[in-house]
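> What follows is each chain in one-letter form.
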Amino acid sequence: MSSDREQILTRVRDAVKTIESRTPYPDYPDDVAVAMNRLSGPSLWDNFAKNFAAVNGRPMTAHDELTTFLQEQEVDTGYCDPDLYEAFGKPLEALGLAIHKTYDRSDYDRYQFGITRASGAIAETGTVVLTDSETSDRLGALTPWIHIAVLKPSRLVRSIGDAIGTFGGESNIIWATGPSKTADIEGILIEGVHGPGEQICFFDESG
Amino acid sequence: MAVPTHRPVGKDVFFMMTCLCDAFYADVARAAVEILEHAGCRVHVPEDQTCCGQPPFNGGDFKTSREIARHTAKVFAGDWPIIVPSGSCAAMHFHGNSLQFEDESDREEMTALGNRTWELFDFLVHGLGLTKWEGKLEKRVAIHHACHTRGTKTGEAIKTLLGSVDGLELLDFGQGEQCCGFGGTFSVTFPTISAGMGTLKLDHVLAQQPDILVSADMSCLMHLSGLAEKQQRPILHQHAVQLLRAAMPSV
Amino acid sequence: MSQPVDTFAKQLKPATREAVIKSAALTTGQRVDILSRDFEDPDALRRLAGQIKQHTLENLDQYLEQTEASLTKAGAHVHFASDVASAREIILGILQEHEVKTVVKSKSMATEEIHLNPFLGQNGIESIETDLGEFIIQIDDDTPSHIVRPIIHKRREEVAESFEREGLGDYNTDPETITRRARVHLRSKYMNSGAGITGANFLSAESGRMVLVTNEGNARFSMAPNKVHIAVTGIEKIIPKDRDLSVFLNLLARSATAQQITVYTQFINGPRPADKPSGPEHMHVVLLDNGRSDVLASKCREILRCIRCGACQNVCPVYRQASGHGYRAVYGGPIGAVLSPLLAGKESFGKFADLPKASSLCGACREVCPVDIPIPDLLLRHRERAKSEGIPSPGSPPMEPFGSLATSPALWKTSMRASKALNHLPLGLMPIKPLQDWLAVRTLPKWQGGDFRAWLKKRGKEAGDVE
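Residue numbers (our numbering), protein chains in the order written: chain A, 274 to 480; chain B, 62 to 312; chain C, 2 to 468.
It is worth saying that the hints were derived from the structure and are not from the lab.
Here the structure is a predicted model, which is why all the values come from computation and not from measurement.
Virtual Cβ for every residue (Gly too), placed ideally from N, Cα, C.
In silico lysine-lysine, DSS-like type, Cα no more than 27 Å apart, as pairs: (1) 14(C) - 291(B); (2) 277(C) - 363(A); (3) 425(A) - 277(C); (4) 374(A) - 277(C); (5) 291(B) - 434(C).
Some chain B residues well away from chain C (every beta-carbon gap over 10 Å; in silico): (6) 191; (7) 196; (8) 214; (9) 228; (10) 268; (11) 269; (12) 272; (13) 306.
Computed footprint of chain C on chain A; a stretch qualifies when at least three of its residues, placed anywhere within it, have a C-beta under 8 Å from a C-beta of chain C: (14) 308-317; (15) 444-453.
Given the sequences, and given the hints that come with them, work out the whole structure.
See the structure below:
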């Protein structure tokens, strides 16, 4: 008795055997589907920032932008990637916020913001790229209402095709294009569903 | 849907009246012949023509449809282009037949039939090169684009010719891409849905207060006008070719 | 005797129909806007995507094996499931092995096909839908009516009632409040779950990467706090290379929701790295056949290109009148009309043979399909099959008499002239069903049989040349 695997492969082989002329794999350029009208600004970051803001993402370039925002949001506790503690966590602690360098699952709702690394970004769509290897904790980037993804400028690419070219050996890549949302109820757009309700991308030009 | 390229053009043309015009719309067929002659064609109308075979085809009765299609091929044998005042009959020739004859021995002949078939307005504009229609007609016109003209140049051709008539105003209306709901026997097999679709279409069209509703297909107009009349909001309707004739200074 | 889809449309609540039409029409318009804004030739892109898919399907045996190898290399376990029973057993086995009691589920049409939730429930495992629309469907014991917008048929008042009934708060119709309540309620479910089950939008043979496309963050959450990830996907979801994703991802969201891209696009081909604190330690991919290989062998194989965007449903005028539930199966609208009779299996084709007839063959679906599926042609193939298998079709007049008439010119011409007599008869009283069905909602124009031919003859006598 053959296994499911054998059965399926046999059936598929038999099914395609009879096809007389096969459709070839089409030849097409890498940038066949780039939305050029969304890349009309003076720089990659400008284009990224514009497209990211268009989906209600918040692009930031200065620390006081971030601190002002967090203060307005009246947060008190956040998670921070230990590697980003010096540059981001410590200054916030100095302002009276509590910063955890280890995500405590038993208290997940405590974290109102999470600071982790972006592994890249896509200018064409306003997308922040997160990978397992450079994200200290998946939960730290996901459960808090506010997520701050810290991006090194050299990791910003132009298009979806370019971003696919940077996949390498990563086993888990997440493209985040703005805050989570739904329109399931009567088509009304609501932001902040299961993922963050605020998605920040911090352009980190330091060092 | 692939419309054949390099279809023949010439002074001598066959005219296919369609079973619908044969039964209900004599004046549409008349206007089409007159317009073709006005455009310089010698129009030949084979007496033994009946139908393109679409009604049984749509119902899945390919066997019956093929018999009718073969008869049609015989009746229209030759090299002349075949002009038909219906997007759906034309589509039957170059698309429907390609499906139902794919395993038949006379597939080549039926393909050749399709390769000679033009919907009327497509022929006038892209075959004969007519882009300006002399004449005047002050009317607000809503054009319903029949579904079987999707992927063809018929819609563009109607807009070009009617749009070139002095005084004619072409109206836009909501959800224009939506089907009228006729669909052949669909209209009686799915009466609720068909009427629902047609009523929606009428609502959108009538909201623009047109003087007249035109199309390249009388089937759509038969369904829409029938619905409108039953709903006591009758709508003036004509085949687009009748409008061309009406715009002419003398015919 | 009337057609089931038509009967369903007749008794559909006007408010529901209005909701469906409004939502569908809006998305249809927005889809056109975003495609024409971003691409000079969106149709060329659709055709390219269709070609990539067609090529893959025609070589699926090779791509299946390549996918299996890539996934295995990346650290995932690959399972093949022939049918519903097999898929369920595989999934149950994995869950039992890991002693999972609670599963969080991300939206997956493949899991609907195998009716996974009730099966797990019968085996003592709670499976919770996390996509907001699917969650609402689950608590209502309802079924989704649209591939992408599962509760397109529900109004906020109904949702408010359901939430109150489930103890999620007092009656409140505000969509934001409802959403927040779902967020709070489901967080603890995620955090305490043992496994996450998802579908997959695409599967790259080159890298084994499965792609998940969502907006809410529920798929991410289903794969962060727990130990096991199971992805269930049809074998037709495979595409050759990672680079092909730039074509498909640019078309999918625009076609489905008129977005450039969904909020979250995930690319996963293995469990979490050992040194990371969150993420599944085990990844399992279940490749489901369930009739797809039969479809691949048939003349309807193009339907397997489908990337489940729902654009065909949005634009379909029949769907707008009947709603998704009118199609009686997991998939509704144009794709459902093609797929359901096929996935039902050879013996059960007749059960769904009416669905392909519930169409005016308008072709709007074909124009919007991101993978260029010739849906109307496939519907016609189904109609031919139904006719040749002798499956009865209520309300469809037999066409053989018309065939006899249309191949006998003399008889035809005589009948045309004779039909004019009908103008003097009370058509409303004639017991000819199609006529009665027509006259019930429409008037009929006057019969003019033979008038054009008579005009030609007369002209011919005067002018000479018209034959």
